[in-house]
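Q: This is what each chain is made of:
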Amino acid sequence: MTSPIAGGVDCDLHPAVPHLTSLLPYMNDYWRDQVTTRGMTDLVSQSYPTHSPISSRPDWRPAQGKPGADLADMQKQALDRFAVRFGICNPLYGVQMVFSEDMQDAFCRALNNWLAKEWLDKDDRLRGSIVIPTQSVEKSVAEIERRAEDKRFVQVLMLVMGDMPLGKRAYWPIYAAAERLGLAVGIHAGSAYHNPPTSIGWGSYHIEDYVAQATAFQTQLTSLIVEGVFARHPNLKMVMLESGFTWLPAYLWRLHKFWRGIRMETPWVDRAPLEIVRSNIRFSLQPVDAPPDPATLNRLFDHMQSDELLLFSTDYPHWQFDGDEALPPGLSPDLVRKIMIDNPLKTYGRLEFAKEATP
Amino acid sequence: MNIQFRDRPEPSASVSVKSAIADCDIHPARATRDELYPFMAKRWHSHLETYGVQAYHGMMEGPPYPKAQPNASRRDAWPPEGGPQGSSLSFMQKQLLDPYNVALGVLNPLATGQGLRNQDLAGAICSAINDWQIEKWTSKDKRLKASIVVANEDGISAAAEIRKRAGDPNFVQVLLLSRNVEPLGQRRYWPVYEAAQEIGLPVGVHAFGFGGNPLTPSGWPSFYIEEMVGHSQCQQTALASLVLEGVFERYPKLKMVMIEAGFGWAPSLAWRLDKTFEKLHSEVPHLKRKPSQYIRDHIWWTTQPMEDPERRDHLFQTIEWIGWDKLLFATDYPHWDFDEPSRVLPAGVSEANREAFYLGNAKKLYGIS
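As you go down the protein sequences, you meet chains A and B in turn.
Residue numbers for the first sequence follow the numbering used here, so the first one is 1 and each next one is one higher.
Residue numbers for the second sequence follow the numbering used here, so the first one is 360 and each next one is one higher.
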């Protein structure tokens, strides 16, 4: 195995909301009343069924309650164990699934306030992502601006499967706000289930949905690149979270080939897709979808032709690796340093800055 | 690729590939709208004149994402006698079969009844296309072989059409498209696999088709390039569905060909399937082997549009992960992203692998001596 080094950044941690009622203190009277009077159920997404093996590593699964719901567990099992300097919290609570933009907005605001109070306030290594109500771009921008005043929020968080492809121009005010405020935009695995979870319809199985997440990231990357997001926002960093990355080289060969052939359709794309990925797109390390032999993995790193693309992540509490093997075997010390420290610090401009400015 | 912008002489013997090749993806077209009528009952002639064809998208004519040039075809592929690209046998012989020394050409008709909402009409058009392939193409040039097209959403009718063609040497495969009403592993499609296994033909899955689902899990994208690049994502999902539903457990002799959706994605898909299967196998206990093993044993891949990394060793490593015995050369004639045989494979490939890639694998799979 490759040993992690101290002082790294864990870019994908999942604190769990115990229940919808846990957010009631962070809602106004109207929404508190809506939740209770209407008997709303907990927002558990099909993307991560609580008892599915991938939703929690067996030794990280608590005796009671949802995996990832307890700060002391996260400290012991992830933050202390991998000796990180920062850990970025990406809540996956299913607020994106509701269909009313007003309800989504209320739930997102509550979720972000809950994260600040119940997690960020309690461990100064933790940093947050701003979950946004993507059905309304206007409300999303307002929420980004509101929460960005707290410098511990380092990223805007969206799901890889939503209402529209992410490159669509309607979303651009979100990207403008993120770029202006020095926030990265994280795209995490998971679906709002407002569309079928694959591009050819509904499959039968949870495993099918999970495998399909990687293809959803591929279509989103195409959309972001060809719509011209990075021509308009050259300083914007987007991070693919829990996306897998071993598909990237072959995906880019194909995209590059078609771009060369029909670039007249999208003349605003001013750089080759490969260059855009190298300058603007990053990937969290886990899951590593490759055989566990160093030779194959090192070939894949060679195919990626860059050591700046990967950001360390445990994906806590999801089950991606066992023991302390958060890093795949065979990585050079130089690559370990880049993945754990240099690449995350370059991606998340607010990380170092936030240390002094924390309220 | 994009040979429309390349100024080049007509191929002649001097630039041709010396050894014979198989072209596993050729698209024959109709010269006129009513070319199929002799193969269809009268009832359908008037139906087509009155109502046209209704697919699982809104356009009465043409594709929802406009192609980059007419019929997505090479600009030099218009037959001199008129009609659309790919509609003339003599011109196909002159432009493709003769100069490139094509010993086996597999026809994959695209504008068929597949993907139509009216299943009776779909079945009538598909059956007509199958007769038309014999009449216009395979009976006139023995190098050409046909694909059985079927009403893909109607398993019973599709299986009957497949069995009707059993033993006919004009046909070498059953053809489906990648985008259907449901993912291809779903049970509504099993009669197709059962019949194909029974008559001993592989099932080809060609990119394209519309099944009513948005082209991404986040809805409809904006551009043709997104549709084109996206074929590999659709194909990955279709293959994952076939594996996870247990199609290859149920039909252990079934062979399938992934056509025109690339192959570079195959290793990472197989790794991801295996890795996830390690954790979630209890959900799919009908699978007796690792997902990658089904893929290795049951799936072949056509090459066009050929993966084109900057470094050839990356290409060779990718092919080694898949298997040199699993690739089938294809040009996609007459489409614009035509792969020219002499330019596709970089230097540095052994003679045995080269022969397998260009011809041997296809002859073996399609049972051509």
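Quick caveat, the hints were computed from the structure, so don't treat them as lab data.
Note that the coordinates shown come from a computational prediction; the quantities given were computed from them, not determined experimentally.
Hints may contain errors.
Straight-line C-alpha distance at most 27 Å; calculated DSS-like pairs for lysine-lysine [stated by the list, open to error]:
#	chain 1	residue 1	chain 2	residue 2
1	B	Lys612	B	Lys649
2	B	Lys453	B	Lys501
3	B	Lys426	A	Lys168
4	B	Lys523	B	Lys501
5	B	Lys638	A	Lys76
Q: Please go over all the hints and tell whether each is borne out by the structure.
A: We went through each hint and held it up to the structure:
no. : hint                 : result
1   : B:Lys612 to B:Lys649 : holds (17 Å)
2   : B:Lys453 to B:Lys501 : holds (15 Å)
3   : B:Lys426 to A:Lys168 : holds (20 Å)
4   : B:Lys523 to B:Lys501 : holds (21 Å)
5   : B:Lys638 to A:Lys76  : holds (24 Å)
Violated hints are absent here; each numbered hint is respected by the structure.
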